[in-house]
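Novice: Could you build all of it, start to finish, from the sequences and the hints given here?
Going line by line, the protein sequences match chains A and B. Count along the first sequence starting at 1, add 3, and that's the number in my numbering. Count along the second sequence starting at 1, add 953, and that's the number in my numbering.
Bear in mind the hints are in silico, worked out from the structure with no lab data behind them. Ideal placement from N, C-alpha and C gives every residue a C-beta, glycine not left out. A hint or two may mislead.
[As the list claims (entries may be wrong)] Once the Cα atoms are required to be at most 27 Å apart in a straight line, the calculated DSS-like pairs of lysine-lysine come out as:
{"#": "1", "chain 1": "B", "residue 1": "Lys1072", "chain 2": "A", "residue 2": "Lys205"}
{"#": "2", "chain 1": "A", "residue 1": "Lys71", "chain 2": "A", "residue 2": "Lys343"}
{"#": "3", "chain 1": "A", "residue 1": "Lys337", "chain 2": "A", "residue 2": "Lys71"}
{"#": "4", "chain 1": "A", "residue 1": "Lys213", "chain 2": "B", "residue 2": "Lys1072"}
{"#": "5", "chain 1": "B", "residue 1": "Lys1072", "chain 2": "B", "residue 2": "Lys1129"}
{"#": "6", "chain 1": "A", "residue 1": "Lys319", "chain 2": "A", "residue 2": "Lys253"}
{"#": "7", "chain 1": "A", "residue 1": "Lys319", "chain 2": "A", "residue 2": "Lys343"}
{"#": "8", "chain 1": "A", "residue 1": "Lys194", "chain 2": "A", "residue 2": "Lys205"}
{"#": "9", "chain 1": "B", "residue 1": "Lys1072", "chain 2": "A", "residue 2": "Lys337"}
{"#": "10", "chain 1": "A", "residue 1": "Lys253", "chain 2": "B", "residue 2": "Lys1129"}
{"#": "11", "chain 1": "B", "residue 1": "Lys1129", "chain 2": "A", "residue 2": "Lys343"}
[Said to hold, decoys possible] Covered stretches of chain A, going by a simulated chain B footprint (3 or more residues, C-beta under 8 Å):
{"#": "12", "region": "145-153"}
{"#": "13", "region": "343-354"}
{"#": "14", "region": "360-370"}
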Amino acid sequence: MVIDFSHPTPVEISEERQLTESRREMVLNMGPQHPSTHGVLRVLLTLDGEVITGCDPIIGYLHRGVEKLGESHRYAQFTPWTDRTDYVAAPSNNLGYVLAVEKLCGIQAPERAQYWRIIMAELTRIASHLVWLGTHALDIGALSPSLYCFREREMILDIFERFCGARLTTNMMEIGGFSRPLPPDLTDMVKTFVENFPAGQKDYETLLSKNPIWLSRTRGVGVVEPDVAINYGLTGACLRGSGVNYDVRKAQPYLLYDRIDFDVPLGSHGDVYDRYLVRMEEMRQSIRIITQCLEQVPTDGPMAANESNYVIPPHKNVLRTAEDMQRHFIWVIKGFSPPKGEVYMAIEHSKGELGYYIVSDGSPIPYRMRLRTPDFVNLQSLPYMAQGAMLADVVAMIGTIDIVLGSVDR
Amino acid sequence: MSEEQANAAPAEHPVAVSPWATGYWGPLDPEQHPAVLAVRERFPEAFVDAVNFRDEMTIRVERSRLRDVVEFLRDHPDLRYNLLTDVTAVDMVRLRTSPRFDIVVQLYSIPKRVRLRIKAGVDDGETVPSLVPLHAGANWLEREVYDMFGIVFEDHPDLRRILLADDWDEGHPLRKDYPLRGFREYVQPGFDAPAPRVRSRLRRP
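Specialist: Laid out in structure tokens, this is it:
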């Protein structure tokens, strides 16, 4: 079938959407190419003057069938695909996936690797929040914060590049720990970042937090009450901005978060401004977590679990011993077979609760791979927020939910 | 189970016992799990079984009472599974004959910090009561299940495709009989013939 582009398809307007004398509503199609929809989100808005009477987010323009692909790849082959779901926070996606597979296999990464996983996950949280802050402020009309945000984000991406060679789609974590050795100067790079970041964060706060234009655009906009937030299944800063205390790191600590002292910031009004404050405080808490991890992490020790069935053997040993070379060959060619069963693993992603639900039938390929991405669920609250609001506030609401369409559409 | 016990449970749960099990799913023995006992007592005819794997508790119920069970767990004063985390389905066609699908509902209790999974079997062509009247967040999740598996939810306010195009006529992609690369051959504009298919090296053993 060859698509003929010479004759455009006539657009049919259904009866209820046609303008009549008595009905003066207008349907406005925002996106999918609108710069403020953070990708390819399309929002079908029904307007009465400038007031929104109906809002229908239409998604799926970036759907690549990641779940179907997960059911046709071996376990270790799927890790790079998780990078491509939420591409501004790739290491967190890796983390959730490898933790789910490790839980399915019943193995655990060594202590040193767990500390470094926390450090990388918190750096990712800061990087993701910086992208959110820059684009969110840009949508509302503040141009300068995005330039400052990307200045600090560059330092984080440099750390990722030093560690694994990639900046965006890192494919950093392996099942059982890390397969790469730690570069000797990585600790210093992280320390430099931790020292410099609070001063940088002060720059954005002085630009935004007490700015009268910012306050009038964000205060009282997009209010979500606590019971409504729970009813919509919101997680992450969208839920905590409404004052509900649910952070997976505190509620159900994974890795070694129970050894680390940090606070969970909560909002009180549930509007765009409170969610902004919550995310700014989360970045400060992430710095606290990284500082404690750097103090506690052992300087020497294995970075991958010694589980010959499930974990790729260290590269050094592959070249040295016949057994490890055979193990490596089998691991790469055949994969490994976890026990039959099902697990659900949730982590606190920068956008909310990221869950992986894996059903295993005992073969090297997952039987069912489900990605519960936080922004897919959070985006459902957009019609609730937008009901009765002004047209110009929709960009603030889309920004405050913090969506990445690669993660919404999967 | 009193409120103090339920609140104390996550703190007592030692990390060393199950390090990969983040989350506390309640007592490991189904016979002692408060949610299992409560559901079995309230819905004796709908309760099928309760399974524990990797410290995760799964309750299987009859599909017709799924909404009642979720509502009961949400409103029970000692359980309060008030956050609907996920609704999804699994095509079990390669593992058993009937019923074909499993509806999987992941619940979380914010006050008690406990997770729970509810499952219900549904056959092709049967309908499932929608959870949207209880949890507004189930709306898109159920639309996705309908889109990917073709399972119809009763009383859903807006059941249409969500990730695929509205006029997608090739079926439901996450069913196991749907080929990875689709049913059809596509010709790109400017080409005469469809792109040759590369034989996949990935085979299920």
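Novice: Each hint should be assessed against the structure and marked as holding or not.
Specialist: We went through each hint and held it up to the structure:
no.: 1; hint: Lys1072/B with Lys205/A; verdict: violated, 49 Å
no.: 2; hint: Lys71/A with Lys343/A; verdict: holds, 19 Å
no.: 3; hint: Lys337/A with Lys71/A; verdict: holds, 20 Å
no.: 4; hint: Lys213/A with Lys1072/B; verdict: violated, 49 Å
no.: 5; hint: Lys1072/B with Lys1129/B; verdict: holds, 19 Å
no.: 6; hint: Lys319/A with Lys253/A; verdict: violated, 38 Å
no.: 7; hint: Lys319/A with Lys343/A; verdict: violated, 32 Å
no.: 8; hint: Lys194/A with Lys205/A; verdict: holds, 18 Å
no.: 9; hint: Lys1072/B with Lys337/A; verdict: violated, 32 Å
no.: 10; hint: Lys253/A with Lys1129/B; verdict: violated, 38 Å
no.: 11; hint: Lys1129/B with Lys343/A; verdict: holds, 18 Å
no.: 12; hint: 145-153; verdict: violated (count 0)
no.: 13; hint: 343-354; verdict: holds (count 7)
no.: 14; hint: 360-370; verdict: holds (count 7)
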